[in-house]
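*Asks:* Please take these sequences and the hints and turn them into a complete structure.
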Amino acid sequence: MVPVVLGASIVAFTIMHVAPGSPWNREGRALDPAIIARLNEELGLDQPLPMQYLAWLGHLLRGDFGVSTSTFGGDVNAMIIYSLGPTLLLCGLAFGVAVLIGVPLGLAAALWHRRPVGHLATGLSLVGMAAPAFALAALLQLVVAAPRFGTGGMFGLAPSPFPHAGLDSPWALVLPTLAMAALPLAQIARHTKASVLEVIHSDYIRTAHSKGLHEDQIVRLHLLRNAAIPLLTISGTVLALLITGSIVVERVFEIPGLGNLYFWAIRGRDYTTLMGITVIYALAVAVANAVVDIAYGVVDPRVRDGYLTPAEEASGG
Amino acid sequence: MAEARLAGVGDVLVRPQKSRGFWGDTARRLLRTPTGVIGLVIVVGMILIAFVGPSLIPYTYYEQDIDAVIAYGGPIPPGVVASHPLGTDVLGRDLLARTVDGAQVSLTVALIAQLVVLAIGVPVGLLAGWRGGWTETGLMRTTDIIGTFPDLLFIIMIQAAIIDTPFFTLVNGLLATFIAIGLISWVGTARLVRGQTLSLKQREDVEAARAVGVPGSKIVRRHILPQAMGPIAIAISLGIPMAILAESTLSFLGLGVQIPRASWGSLIDIGIDNIQIAPWLLFPPMIALGTALIGFTLLGDGLRDALDPRTSRRR
Chain S
64 MVPVVLGASI VAFTIMHVAP GSPWNREGRA LDPAIIARLN EELGLDQPLP
114 MQYLAWLGHL LRGDFGVSTS TFGGDVNAMI IYSLGPTLLL CGLAFGVAVL
164 IGVPLGLAAA LWHRRPVGHL ATGLSLVGMA APAFALAALL QLVVAAPRFG
214 TGGMFGLAPS PFPHAGLDSP WALVLPTLAM AALPLAQIAR HTKASVLEVI
264 HSDYIRTAHS KGLHEDQIVR LHLLRNAAIP LLTISGTVLA LLITGSIVVE
314 RVFEIPGLGN LYFWAIRGRD YTTLMGITVI YALAVAVANA VVDIAYGVVD
364 PRVRDGYLTP AEEASGG
Chain B
6 MAEARLAGVG DVLVRPQKSR GFWGDTARRL LRTPTGVIGL VIVVGMILIA
56 FVGPSLIPYT YYEQDIDAVI AYGGPIPPGV VASHPLGTDV LGRDLLARTV
106 DGAQVSLTVA LIAQLVVLAI GVPVGLLAGW RGGWTETGLM RTTDIIGTFP
156 DLLFIIMIQA AIIDTPFFTL VNGLLATFIA IGLISWVGTA RLVRGQTLSL
206 KQREDVEAAR AVGVPGSKIV RRHILPQAMG PIAIAISLGI PMAILAESTL
256 SFLGLGVQIP RASWGSLIDI GIDNIQIAPW LLFPPMIALG TALIGFTLLG
306 DGLRDALDPR TSRRR
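Heads up: the sequence lines are chains S and B, in that order.
Just so we're on the same page, this note's numbering is the position in the first sequence counted from 1, plus 63.
Just so we're on the same page, this note's numbering is the position in the second sequence counted from 1, plus 5.
One thing to keep in mind: the hints can contain errors.
Claimed, not checked - Just so you have them, the derived chain S footprint on chain B, three or more residues with Cβ under 8 Å:
{"#": "1", "stretch": "73 to 85"}
{"#": "2", "stretch": "253 to 259"}
{"#": "3", "stretch": "278 to 292"}
As the list claims (entries may be wrong) - If you want a taste of the chain S side facing chain B, the calculated C-beta under 8 Å gives, among others:
{"#": "4", "residue": "Val68"}
{"#": "5", "residue": "Ala71"}
{"#": "6", "residue": "Ala82"}
{"#": "7", "residue": "Tyr116"}
{"#": "8", "residue": "Leu202"}
{"#": "9", "residue": "Gln204"}
{"#": "10", "residue": "Arg314"}
{"#": "11", "residue": "Val315"}
{"#": "12", "residue": "Thr341"}
{"#": "13", "residue": "Ala349"}
The set of hints was computed from the structure by calculation and includes no laboratory data.
Given the structure is predicted, the values throughout are model-derived calculations rather than measurements.
Just so it is clear, CB atoms sit at the ideal spot from N, CA and C, and this is done for glycine as well.
*Replies:* Spelled out as structure tokens, the structure:
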């Protein structure tokens with residue numbers, strides 16, 4: 064886990080610093096070369112790249128992300144801690160919604176396969192596939208939030224209780240969460256359906272039926288447990304979707320989160336902030352992968368007892 | 006046509022089925038799945054609209070019909086002026102023409118990004134799976150490192166890094182975005198191909214080829230790659246909607262397609278900016294994007310059902 068995150072930080076550092084442009088030449092305004100030289104010296108940007116990286120790494124190991132190169136003198140630690148809360152909250156809520164609705168939806172689509180209920184569930188999850196976070200966010204802005212500031216309400220709707228931006232009340236979380244949850248929800252539903260369909264015709268399910276187990280017990284004890292394995296496999300995709308979603312949804316709903324911070328940092332070539340956020344995200348992905356590997360063992364005795372490795376499990380065992 | 010006599014079945018004549026080849030069979034099975042057919046219709050329709058459509062629309066995506074906008078007194082809503090069926094934006098540009106241009110951008114990203122995925126993911130996976138040892142460790146660790154980046158973050162980073170280089174300013178900045186998308190998406194394909202290679206390596210035909218001394222590169226080309234083509238095709242086709250999504254997300258953030266070119270993402274962005282005066286701007290790109298995502302997903306699903314005997318058996 065640590066080597067992978069370290070590798071990711073080296074890759075990110077190299078790409079950022081090799082790229083043309085610097086924090087001092089954005090928007091076409093030229094700074095006095097003497098000032099640039101002084102700024103570079105102050106922030107250590109005049110050092111050779113490997114030295115810069117090692118210096119950055121040294122600070123990181125002491126828990127210090129450094130000083131922002133864009134907002135002058137800004138403390139990256141403070142900026143990230145301030146932004147982390149809203150993003151974690153949104154991602155957590157969206158993940159909860161996606162799992163709590165996506166899994167039952169996929170299950171319904173599989174259990175009532177080729178029957179009206181199943182078609183409805185499949186159709187719903189397909190609609191979710193067509194709703195990337197930013198498009199859905201735009202639609203929600205239009206339908207629910209826009210009447211607030213349009214004269215007399217754009218569609219003759221009453222003013223909405225949901226604010227169109229900011230994070231001042233719990234209500235403000237509703238729309239962004241919905242916008243972020245749709246695509247992961249659809250992915251989870253699709254995979255649940257596929258994996259349940261895969262399991263549902265297996266011998267042990269037929270055995271369970273023939274020995275007279277109740278339908279509930281079969282679903283709970285046999286179906287879901289086996290269907291959970293492919294679900295774990297796509298959790299990486301879901302995490303990536305959530306992070307991507309948080310960037311655009313935070314932009315649309317003007318939420319001061321990590322995604323918004325990243326957006327402005329890339330615009331301003333804010334090396335230290337970019338590196339800080341990259342490390343946070345890479346760490347999140349690496350931790351998620353580790354948790355998934357452990358979860359494979361919890362769900363599947365074959366992995367726990369060493370008959371299968373998590374990698375084999377992911378490729379279909 | 007050759008006729009064969011089956012032993013033990015008496016005088017029953019069996020006409021051997023003419024071989025249609027792997028892809029012929031796949032196409033036939035794809036056309037038998039309803040999802041595959043719907044997906045195919047949407048995708049083919051989109052290709053037609055993207056490349057034939059512009060010649061049927063009297064306006065280009067960048068042309069400003071200023072007279073019409075002044076005559077109307079603002080951006081024209083859909084259905085008011087006959088020559089602008091979907092209306093215009095604030096600058097008097099025809100929304101239909103812009104949405105159709107967005108289809109061209111999306112299809113191009115689908116093609117280029119997946120070409121990059123094929124060019125990197127397949128060789129890396131083959132090499133890692135076939136060679137094993139340090140080659141495998143090195144390649145797969147690199148894959149892991151790239152895979153640690155959330156897609157959009159990596160794309161933004163790469164794109165910001167390469168877009169101002171002389172090559173891309175000369176060719177087209179858009180190409181930088183497409184290639185950046187491909188440069189993260191190959192990770193999954195590489196892992197898949199490695200897994201396939203590892204299991205195909207154990208097969209008898211590969212063992213036989215090795216025993217008679219066929220060189221490794223030829224075994225990989227003749228035995229392993231052809232047998233791994235099915236899963237690769239599924240991965241590539243299911244990667245297309247993800248590439249389209251990535252491009253439109255980038256353009257939505259203002260980091261992808263640059264003005265005056267239109268992408269569904271940037272059109273939605275413009276729609277949000279003008280949400281109070283011209284809300285109709287949001288719908289065409291949104292519907293187009295949604296339809297394209299569903300179309301390619303269905304096509305990929307259909308292809309998977311057609312190629313994977315395990316899933317088709319239960320149907």
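*Asks:* Compare the structure with the hints numbered earlier in the document and write down the numbers of the violated ones, lowest to highest.
*Replies:* Failing hints, ascending: 1 and 7.
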